[in-house]
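Next come the chains, spelled out residue by residue.
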Amino acid sequence: MIRRPTPVFELYRWHRDALAGRAPAIHDGEPHCGWFKTRAVKGGPWMAARIWCERDIDPETGELTGPEELRCDVDGMFRDPARAWLSLAHNPISRAEYDALLHRRNLIPAMQEPHKAIDLSAAAMRP
Amino acid sequence: MEDLNPRAVIGSNNPPPYDPDIWSDCAKKVEDFTAAAGEWLNLGTIETQDQSQKATDFVSGARKTYKAIDEARKAAKAPHDEAGKAVQAAFAPLLDKIKLSVDKIAAMQADWLKRENARIAAEKAREAAEAEAKRKEAERLAAEAAARNDVSAIVDAEAAMKEAEKAAKAAARNATASAASATGGGRTMSLRTTYECELINIAHAFQAFRNHPDLADLLVRLANAEVRSQKGEKVAPAGFTLIKKEMAA
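Chains as they are written, first to last, in the numbering used here: chain U, 1 to 127; chain H, 1 to 249.
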């Protein structure tokens, strides 16, 4: 049986619709590819997250050699995308914002403690 | 050599009415935020989403700092507020008692002075009537003396006329009752007339005060409250135009 890989356009359709404000449906346990932000605790720093599709494609035939599987990474830690989905789905962000969040995490020490609420009065945010 | 206590200087036994360490911590935070505000202002305008998001964090942090400093202010002020309340609680009942005593007796005095004024007015009326009668009698006697060519009687009649005029002047003099001090140490009391207004026609009242700035301020305040309470599309009340202002919050 010939198995064509799912087009990238399709893989990221949900995420594209969410960013465009079309409010696609969110179902528990049904994750979709994209970039997201989330928090570990109330008042805690944003953590960059992404869900992507891992698949092996035969370079000669362009067909799948195995199943397509969704993977998830939250703040550099691998997570089960189905279980993480509900905490990510409400905060989709663009790829640019995802990259900016990762960059900012390295610059602002408070963002490197995801389980601690951020006290913005401790030091003034500078431009 | 002994280490000198840094507070062992003239005037150091007069500390500020708040904890200077807490104030100093607050001052350091303010310095940090005002310095950061200067850096933000040096940008000129916010041009990127990254700057905008950081500006949000600056404002959140600054507002949280404001709240924390305000809490510190209230905590520092609290013992003084309590002391003020204790002073009020101690002295206010005394003042209330004295004031009530004064008000009660002043009311009695007012009643006495009203009755005295009525008595004086009645006496004045009587004196005026007597003076008028004397004047008429003097006129009659003068006419009779003139008719008789009785020089002595004419002079007597003129004297009687002058007396009658004097009495009439005295009767016409305004007199009101007053209550003088028994010992000389107290201030003389008399009736004081005050006036209060009762609203009977609001339209006329508006006309009367239409140029008063306080009326305009009140109407603007009422209109703003009305617009704030409106749901959906905002409509200016009659006599007003809506001005839309936008600010980041």
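Watch out, some of these pointers could steer you wrong.
As the list claims (entries may be wrong) - Estimated spans, in silico, between C-beta atoms of each pair:
hint : chain 1 : residue 1 : chain 2 : residue 2 : range
1    : H       : P6        : U       : N106      : 56 to 62 Å
2    : U       : E30       : H       : L219      : 57 to 63 Å
3    : H       : D25       : U       : Q112      : 37 to 43 Å
4    : H       : A78       : U       : D80       : 28 to 34 Å
5    : U       : F78       : H       : E71       : 38 to 44 Å
6    : H       : E71       : U       : F9        : 19 to 25 Å
Hints listed in this document are in silico derivations from the structure and should not be mistaken for laboratory results.
Please read these numbers as outputs of a predicted model, since none were measured by experiment.
Glycine residues also receive a C-beta, built at the ideal position from the N, C-alpha and C atoms.
Comparing the hints with the structure gives:
no., hint, result
1, H:P6 x U:N106: 56 to 62 Å, "violated (43 Å)"
2, U:E30 x H:L219: 57 to 63 Å, "holds (58 Å)"
3, H:D25 x U:Q112: 37 to 43 Å, "violated (25 Å)"
4, H:A78 x U:D80: 28 to 34 Å, "violated (52 Å)"
5, U:F78 x H:E71: 38 to 44 Å, "holds (43 Å)"
6, H:E71 x U:F9: 19 to 25 Å, "violated (54 Å)"
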